[in-house]
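The chain contents come next:
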Amino acid sequence: MITIIGGGPAGLAAALAAGESGSKVLLIDSAPRLGGQYWRHLPENGAWGKQEAIRHDFEKGNQLRQRVAQSVNIEVLSNAHVWRASPHDEHITLHLLVGGVGRTIDVKNLILSTGAYDRSLPFPGWDIPGVMTPGGAQGLLKGNYVLPGKRIVVAGTGPFLLPVAAGLAEAGAEIVALLDANRLTRWIPKFHIVLANRAKLREGLGYFQTLAKYKIRQQRGSAVIQANAGSDGTLESVTIATIGRNFRAKAQEIIKCDSLAVGWGFTADLSLASNLNLKQDVLEEDKSVFVTVDEMQRTSMQNVFAAGEITGIGGHQLSLTEGKIAGFAAAAQFGHLTDVELKGKLEPLLAQRKKERKFASALISSYPVKPGWQEWLAPDTCICRCEEVTMEQIQDSITELGATDARTVKLFTRTGMGMCQGRICGRAVIDIVGRESGINPTIQDYISASSRPIVTPLPLGILEHAPHIE
Amino acid sequence: MKKLTFFFDGIEVSAIPGQSIGAALLESGTKVLRSTRIENKPRGMFCGIGVCFDCLVVINGVPNQRACLTEVAEAIQVINQQGSGAYPIEGAS
Numbered sequence: 001m002i003t004i005i006g007g008g009p010a011g012l013a014a015a016l017a018a019g020e021s022g023s024k025v026l027l028i029d030s031a032p033r034l035g036g037q038y039w040r041h042l043p044e045n046g047a048w049g050k051q052e053a054i055r056h057d058f059e060k061g062n063q064l065r066q067r068v069a070q071s072v073n074i075e076v077l078s079n080a081h082v083w084r085a086s087p088h089d090e091h092i093t094l095h096l097l098v099g100g101v102g103r104t105i106d107v108k109n110l111i112l113s114t115g116a117y118d119r120s121l122p123f124p125g126w127d128i129p130g131v132m133t134p135g136g137a138q139g140l141l142k143g144n145y146v147l148p149g150k151r152i153v154v155a156g157t158g159p160f161l162l163p164v165a166a167g168l169a170e171a172g173a174e175i176v177a178l179l180d181a182n183r184l185t186r187w188i189p190k191f192h193i194v195l196a197n198r199a200k201l202r203e204g205l206g207y208f209q210t211l212a213k214y215k216i217r218q219q220r221g222s223a224v225i226q227a228n229a230g231s232d233g234t235l236e237s238v239t240i241a242t243i244g245r246n247f248r249a250k251a252q253e254i255i256k257c258d259s260l261a262v263g264w265g266f267t268a269d270l271s272l273a274s275n276l277n278l279k280q281d282v283l284e285e286d287k288s289v290f291v292t293v294d295e296m297q298r299t300s301m302q303n304v305f306a307a308g309e310i311t312g313i314g315g316h317q318l319s320l321t322e323g324k325i326a327g328f329a330a331a332a333q334f335g336h337l338t339d340v341e342l343k344g345k346l347e348p349l350l351a352q353r354k355k356e357r358k359f360a361s362a363l364i365s366s367y368p369v370k371p372g373w374q375e376w377l378a379p380d381t382c383i384c385r386c387e388e389v390t391m392e393q394i395q396d397s398i399t400e401l402g403a404t405d406a407r408t409v410k411l412f413t414r415t416g417m418g419m420c421q422g423r424i425c426g427r428a429v430i431d432i433v434g435r436e437s438g439i440n441p442t443i444q445d446y447i448s449a450s451s452r453p454i455v456t457p458l459p460l461g462i463l464e465h466a467p468h469i470e
Numbered sequence: 001m002k003k004l005t006f007f008f009d010g011i012e013v014s015a016i017p018g019q020s021i022g023a024a025l026l027e028s029g030t031k032v033l034r035s036t037r038i039e040n041k042p043r044g045m046f047c048g049i050g051v052c053f054d055c056l057v058v059i060n061g062v063p064n065q066r067a068c069l070t071e072v073a074e075a076i077q078v079i080n081q082q083g084s085g086a087y088p089i090e091g092a093s
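Residue numbers (the UniProt record's numbering), protein chains in the order written: chain A, 1 to 470; chain B, 1 to 93.
It cannot be assumed that every hint is accurate.
As the list claims (entries may be wrong) - Here are some chain A residues pointing at chain B (derived, C-beta under 7 Å):
| # | residue |
| --- | --- |
| 1 | LEU42 |
| 2 | PRO129 |
| 3 | GLY136 |
| 4 | LEU140 |
| 5 | ALA251 |
| 6 | VAL282 |
| 7 | MET417 |
| 8 | CYS420 |
If you are wondering where the hints come from, they were derived from the structure by calculation, not from laboratory data. Where a beta carbon is used, it is the ideal one built from N, C-alpha and C, also for glycine.
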């Protein structure tokens with residue numbers, strides 16, 4: 001039996017590769033319906049008049065889900081939150097919360113495909129209702145047929161802003177502006193990589209066409225540096241600024257809007273990988289953390305594979321490719337594929353992965369997050385949303401109490417100690433402390449930010465009855 | 001499309017089966033889902049995918065439920081969470 005955690009593109013591809021090779025598969029997913037964030041959907045998605053807004057690649061997701069449903073080898077456990085993975089000598093114990101009920105499963109072979117979430121940067125007013133992540137805004141559309149607002153600003157950086165803005169526009173929202181902090185000129189030295197990934201190029205051009213069709217104001221080298229609330233406490237306008245290459249704000253302007261979707265790329269969800277002490281590393285370019293894998297997607301732990309965003313942010317195509325490789329490699333371990341069969345299956349996939357990783361790496365260098373964003377912060381800007389810790393409190397813990405690393409700041413101020421366990425502010429706090437203290441964060445600082453012995457908040461009764469948590 | 005009804009702070013809200021509580025509320029014009037423990041500030045949906053825990057509401061008397069993850073169900077009583085939600089409003093079953 002091969003257990004897969006996470007039913008997004010990577011997990012679906014892994015389940016099908018392993019299951020259709022003859023291995024028994026248990027696919028565990030926290031959502032009610034498979035597909036991950038990328039293929040989030042309502043139970044019946046026929047009777048909506050704005051289907052074109054969410055059609056992008058949706059058919060592919062439907063096909064994969066159908067194949068999973070038809071496979072006699074794949075068992076699906078939905079609505080199941082793995083809140084802890086405990087490593088033992090011969091097996092791993094997964095602690096789950098399934099529909100509010102505690103349960104454990106011992107597994108020997110695991111594929112982790114836990115995905116990613118939007119990376120956020122704190123800025124004045126980012127806690128005002130009406131400010132969301134782009135993933136959240138798109139999730140409202142894909143998974144709910146709901147728009148986050150009527151007049152929307154989309155901002156931050158990265159290629160993901162394009163489908164978000166295009167989809168919201170097609171669904172009937174007014175996109176007041178699309179702002180990317182980075183300029184497209186960063187692509188010029190990498191254009192040969194774009195040409196080698198023509199499907200991506202076509203996809204991108206399609207979004208630009210939609211943006212042009214709706215006459216959406218696009219501005220590159222600009223950012224939202226402040227969100228402003230109206231008398232009812234919800235978002236009324238945003239302050240935007242042209243910014244330099246280092247993100248320092250220059251000329252400013254106020255734009256009226258009732259919704260802001262702002263994000264800065266993605267952060268891998270490494271909580272379970274950390275539970276298992278899987279070897280992780282930090283990408284030099286953007287200091288993002290990822291699980292280290294070999295050619296076959298094997299992690300540092302025997303019989304544990306990783307695929308998709310947790311091995312490095314790269315989008316759904318790369319996730320599908322990595323999922324397939326992990327699924328076939330895991331199936332081969334059980335003798336469900338001969339060496340020759342495995343080699344035949346892997347050959348095109350490895351070439352594909354190489355090409356897609358190159359593209360992912362070009363994306364990362366084309367949409368950097370530069371340290372000037374910290375100058376947008378005011379002393380009373382909320383940094384840790386859960387524990388309501390301000391910039392000033394963090395600065396005080398450094399200047400008055402002598403903290404020189406994010407962990408010490410956490411102990412003094414409670415940053416990252418709230419219900420999200422530092423998922424939202426953790427990385428930003430590391431960067432802030434590095435800059436304010438003048439001491440560069442270590443690789444370990446970045447890696448340990450996703451160390452969460454218990455991955456999701458639990459009722460105490462569940463913990464009380466959980467056996468052998470190690 | 002099939003519809004169902006639930007309640008937010010006692011007021012009827014219409015939703016499509018499968019929608020999250022947060023999404024259905026947004027559709028009905030409700031952006032503020034809770035107020036914070038320390039500064040009593042309004043908060044709403046932020047990450048939308050269960051990561052940030054900012055959209056916490058009280059559902060049928062149980063506090064700290066994520067409005068973005070919890071799907072709507074017929075006749076559930078949802079209320080705006082004040083602070084930690086430890087003392088839900090009386091009568092919210």
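Each hint tested on the structure:
no.	hint	result
1	LEU42	holds, 4 Å
2	PRO129	holds, 3 Å
3	GLY136	holds, 2 Å
4	LEU140	holds, 5 Å
5	ALA251	violated, 28 Å
6	VAL282	violated, 21 Å
7	MET417	violated, 12 Å
8	CYS420	holds, 5 Å
Violation of the numbered hints given earlier is confined to hints 5, 6, 7; the remaining hints are satisfied by the structure.
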